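Peer 1: Each protein sequence line maps, in turn, to chains G and S. Quick note on this note's numbering: the first sequence kicks off at 67 and runs consecutively. Quick note on this note's numbering: the second sequence kicks off at 23 and runs consecutively.
Derived from the structure by calculation, the hints contain no laboratory data. Only a predicted model underlies this, so the values are computations on that prediction, with no experimental measurement involved. Honestly, I wouldn't trust all of these hints.
List of simulated lysine to any residue pairs, SDA-like, C-alpha gap at most 25 Å [what the hints assert, rightly or not]:
id, chain 1, residue 1, chain 2, residue 2
1, G, Lys164, G, Ser201
2, G, Lys425, S, Tyr473
3, G, Lys425, S, Val183
4, G, Lys496, S, Lys130
5, G, Lys425, S, Thr36
6, G, Lys95, G, Ile83
7, S, Lys188, G, Phe345
8, G, Lys496, S, Val183
Each chain, written out:
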Amino acid sequence: MENIDLILPEIFIALSIMFLLVLGVFKKKSSKIVFNISQLILLITAVITINETFAIDRVTLFKDSVVIDHMSSLMKIITLLGAFLVLTISTNYLKTFKLFKIEYPVLILSSVLGMMVMISSNDLIVFYMGLELQSLALYVLATFNRDQLQSSEAGLKYFVLSALSSGLLLYGCSLIYGFSGSTNFDIISSQLNSNEYVLTFGIVFILVGLAFKISAVPFHMWAPDVYQGSPTSVTLFFTMVPKIAALTVFIRFLYVPFLNLIDQWQMIIVFLSIASMLFGAIAAIGQTNIKRLIAYSSISHIGYTLAGLAAGTNNGIQSSIVYISIYIIMNLALFSCLLMLKRNNKYYEDIKDLSGLSKNHPLLSLSLLVILFSLAGIPPLAGFFAKFYIFKAVIEQSMFFLAVVGLLSTVVAAFYYLRIIKIIYFDEEKEKYDEDHSIWLKFSLTFSTILILLYFIFPSQLIDVVSRINII
Amino acid sequence: MNFPILSSLILLPTIGALFLFFTKDKEGNNSTAKYVSLFTTSVNFLISIYLWVSFDQSTSNFQFIEDRTWIEGFINYKVGVDGISILFIILTTFITPLCIISVNNSVKKRLRDFLIAILILESFMIGVFCALDLVVFYLFFEAGLIPMFLIIGIWGGPKRVYSAFKFFLYTLLGSVLMLVAIISIYWISGTTDVIKLYELGIDAKYQNLLWLAFFSSFAVKTPMWPVHTWLPDAHVEAPTAGSVLLAAILLKMAGYGFIRFSLGLFPIASEVFTPLIYALSVIAIIVTSLIALMQEDMKKLIAYSSVAHMGFVTLGVFTIQQQGIEGSIIQMISHGLVSAALFLCVGVVYDRMHSRLISSYGGIVTIIPKYSILFMIFTLAALGLPGTSGFVGEFLILMAVFKDNFLVAVLASIGVILGAAYMLWLYKRVIFGKLINSDLKSMMDLDRSEYFILTCLAIPTLYFGFYPDPLINTIEVSVNDLIDMYNKNLLIK
Numbered sequence: 067m068e069n070i071d072l073i074l075p076e077i078f079i080a081l082s083i084m085f086l087l088v089l090g091v092f093k094k095k096s097s098k099i100v101f102n103i104s105q106l107i108l109l110i111t112a113v114i115t116i117n118e119t120f121a122i123d124r125v126t127l128f129k130d131s132v133v134i135d136h137m138s139s140l141m142k143i144i145t146l147l148g149a150f151l152v153l154t155i156s157t158n159y160l161k162t163f164k165l166f167k168i169e170y171p172v173l174i175l176s177s178v179l180g181m182m183v184m185i186s187s188n189d190l191i192v193f194y195m196g197l198e199l200q201s202l203a204l205y206v207l208a209t210f211n212r213d214q215l216q217s218s219e220a221g222l223k224y225f226v227l228s229a230l231s232s233g234l235l236l237y238g239c240s241l242i243y244g245f246s247g248s249t250n251f252d253i254i255s256s257q258l259n260s261n262e263y264v265l266t267f268g269i270v271f272i273l274v275g276l277a278f279k280i281s282a283v284p285f286h287m288w289a290p291d292v293y294q295g296s297p298t299s300v301t302l303f304f305t306m307v308p309k310i311a312a313l314t315v316f317i318r319f320l321y322v323p324f325l326n327l328i329d330q331w332q333m334i335i336v337f338l339s340i341a342s343m344l345f346g347a348i349a350a351i352g353q354t355n356i357k358r359l360i361a362y363s364s365i366s367h368i369g370y371t372l373a374g375l376a377a378g379t380n381n382g383i384q385s386s387i388v389y390i391s392i393y394i395i396m397n398l399a400l401f402s403c404l405l406m407l408k409r410n411n412k413y414y415e416d417i418k419d420l421s422g423l424s425k426n427h428p429l430l431s432l433s434l435l436v437i438l439f440s441l442a443g444i445p446p447l448a449g450f451f452a453k454f455y456i457f458k459a460v461i462e463q464s465m466f467f468l469a470v471v472g473l474l475s476t477v478v479a480a481f482y483y484l485r486i487i488k489i490i491y492f493d494e495e496k497e498k499y500d501e502d503h504s505i506w507l508k509f510s511l512t513f514s515t516i517l518i519l520l521y522f523i524f525p526s527q528l529i530d531v532v533s534r535i536n537i538i
Numbered sequence: 023m024n025f026p027i028l029s030s031l032i033l034l035p036t037i038g039a040l041f042l043f044f045t046k047d048k049e050g051n052n053s054t055a056k057y058v059s060l061f062t063t064s065v066n067f068l069i070s071i072y073l074w075v076s077f078d079q080s081t082s083n084f085q086f087i088e089d090r091t092w093i094e095g096f097i098n099y100k101v102g103v104d105g106i107s108i109l110f111i112i113l114t115t116f117i118t119p120l121c122i123i124s125v126n127n128s129v130k131k132r133l134r135d136f137l138i139a140i141l142i143l144e145s146f147m148i149g150v151f152c153a154l155d156l157v158v159f160y161l162f163f164e165a166g167l168i169p170m171f172l173i174i175g176i177w178g179g180p181k182r183v184y185s186a187f188k189f190f191l192y193t194l195l196g197s198v199l200m201l202v203a204i205i206s207i208y209w210i211s212g213t214t215d216v217i218k219l220y221e222l223g224i225d226a227k228y229q230n231l232l233w234l235a236f237f238s239s240f241a242v243k244t245p246m247w248p249v250h251t252w253l254p255d256a257h258v259e260a261p262t263a264g265s266v267l268l269a270a271i272l273l274k275m276a277g278y279g280f281i282r283f284s285l286g287l288f289p290i291a292s293e294v295f296t297p298l299i300y301a302l303s304v305i306a307i308i309v310t311s312l313i314a315l316m317q318e319d320m321k322k323l324i325a326y327s328s329v330a331h332m333g334f335v336t337l338g339v340f341t342i343q344q345q346g347i348e349g350s351i352i353q354m355i356s357h358g359l360v361s362a363a364l365f366l367c368v369g370v371v372y373d374r375m376h377s378r379l380i381s382s383y384g385g386i387v388t389i390i391p392k393y394s395i396l397f398m399i400f401t402l403a404a405l406g407l408p409g410t411s412g413f414v415g416e417f418l419i420l421m422a423v424f425k426d427n428f429l430v431a432v433l434a435s436i437g438v439i440l441g442a443a444y445m446l447w448l449y450k451r452v453i454f455g456k457l458i459n460s461d462l463k464s465m466m467d468l469d470r471s472e473y474f475i476l477t478c479l480a481i482p483t484l485y486f487g488f489y490p491d492p493l494i495n496t497i498e499v500s501v502n503d504l505i506d507m508y509n510k511n512l513l514i515k
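Work the whole structure out from these sequences, hints included.
Peer 2: What follows is the structure, encoded as structure tokens:
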């Protein structure tokens, strides 16, 4: 008998989704209660995940198609907490745009379920199932503000391009299956060897599909439009949560089935990484919309994460996970600020709307200062340590070129972060923004800013948790 | 474990800043904030004096060491001082309170925020000079960019945005390469602890590249020709207190870094690259002196003179002789005092007339005599007149260079003459001459606080000019052992 306890989180969340749907159908005006219950569900699922799986070293279930290890449990917890925070801080925003409907939390829950399946997958079919579950929910989320042209455009664009990349991914999977005769990662790993050239095509197709999902250059084109067009709360979700799942799958693919072919894929990852870091940094300079700018900055941050993966060591994987965790906290803080730029029921998202913010809102601007310097990777803020671990892992493999290019692109990136700081601190002030934010929004901003600011006092805690992850 | 005196030096200003952060910002005269920050920095100064008194001059070992695990099995938070670093710490704690007194007239808006920035900057600056771990050093070195960027950008002059960006990006660009080098050192030697690295030495085949990476950071910060162009812009736009801290202390981080890291860790590479340093330094001394002659803006002139003076420092460091390095350190201390004073002098007349152009002054010697006398002392110290601290440093450096390379020494000596030319010409045009601009007649002489600040700076300038022994005694053993270690590591490889 399989040990069902280990996938209790997935089962619980699936049952809850069905329950919420039924509740939404039979009870009128239930959006508030559905929102609250879904937040609770996410928290409970996180607790169950910690309880059931956190201590487990590595167990496979259902004929080895599902794997529970340190990486999967950690990433699931981050996903769940991230989704929980997104829900809690976006309620006011959704109410303003009359998007406060039951479908929203249900879609978020289903995409989270899809991500959890992806994170735990040890089999091509299970992986693809999870991927499609989360993607379908995300398409709808992108178009959620259906009265707005931009949002519909974003959703459609995302759908078309994402479907294309899923097709490529699937083609890659079938090639791999053809060569190894199995869909199981462990078996694939033992079957593959680098002599077969066509196999490289399979790997490339899969990497292209995955690179699309995490918006690495040159498969990033959808990101700026989708990020700008979607409702801000959905953009927040896009920049944080799906990236975790996609990164986990990326790690899993590279280091379980394709580990023996490291010579084949290492160059590809290095290229993706360098292209993302540089392009993200350079393209962000000209942006005027904050959400577009965040899109480009997230592209360059994904580049750094990939640099860790390119190292091909456990240290590299760990540094990538540390990086994405810190990045998520910085992103959460940044979006909390963005959600505070509200005046007379209108949200502002142009960079010039930040002009002179420091005069009227000193605390908000101080948080932005900390967040932006941290995103730029200036010590002693958390963002510096994130980059530091990445480059440590990279240099340990004597990949100096990658390290130097990466660090030089931080200088380019520093320019556009400084530009925002300049607008906030050096420019003339504008009208005041509203200050009646929800307590959760204030809490998430304060908490994440303090975390970023004081990370340097206890840098070891995060490392300790992550260092249990040993994939290789 | 003893009382963590260095950590308290580093932390105290930050605690003061935190305290200010929770007080209310009053527009206009915010005297509470000023007194709090003045009190904090003065206590810090007294602590550092105590540090100097209880410092054991007879050994080159690092003293007051604190060593704590920071990132398990990787980095330790390690601080300590030796004869070389202690003087820079005292310079920092000495200049900062003077800066805070000087903000009276120059900073008009958001005084509390300004003081917070200065206090945090002081923490980082002290941290740079105490750090005995490369990562900790880098952390403090880079972190200082944030408050300085804000000081220039928020409180600066009309072109402040351009200057702030230039300052930040130039310095960051240099520094990221140093970060690569630091991580590479960890990868090569398995530690970033400076004391351990001194003992272990670094594999010869990596030294050249590592040296260049460190050099890229320090050269920008020093600044050396041709990457000095950020400095005049930053100085001109920064508020007076910002210019003072920039010239007096931030520039010294690089000189200190050359001695501590470039010489200490990479002796073989230092030997290789000495001609490069010589060439760049000599060019810096002569070219920037000539540029300084042509300046119409007083702050810009002093900024270019800083580049020339730092050229002497780098020259002295890489003679790798007792006299040269001692001269460099004394030159840095002296330049810290003198350039700070000169920027304050410019600030004094700027606060009154709102012009930094030399041509808008002239003939003010009878109107503001006290100012003219103090300005003269610092002008003479800047050109290295015997009896001022500027002379001791330059003389020692030139002596060492003459032993090493005659041509370089001759060229550098031309720089001394040019230095005298531009400083005296500046003084003549501002203080003497005919009084043409009639607005100058209503100028007030130094008020009490300005008088106090400039006297505080003049006393050590003259005292160390006549009697540099306290400085030399402090650094002598450390420099001597540094050179011994340098030669030893050079022979082994």
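Peer 1: Name the hints, by number, that the structure is in violation of.
Peer 2: Going through the list in order, the structure violates hint 2 alone and respects the others.
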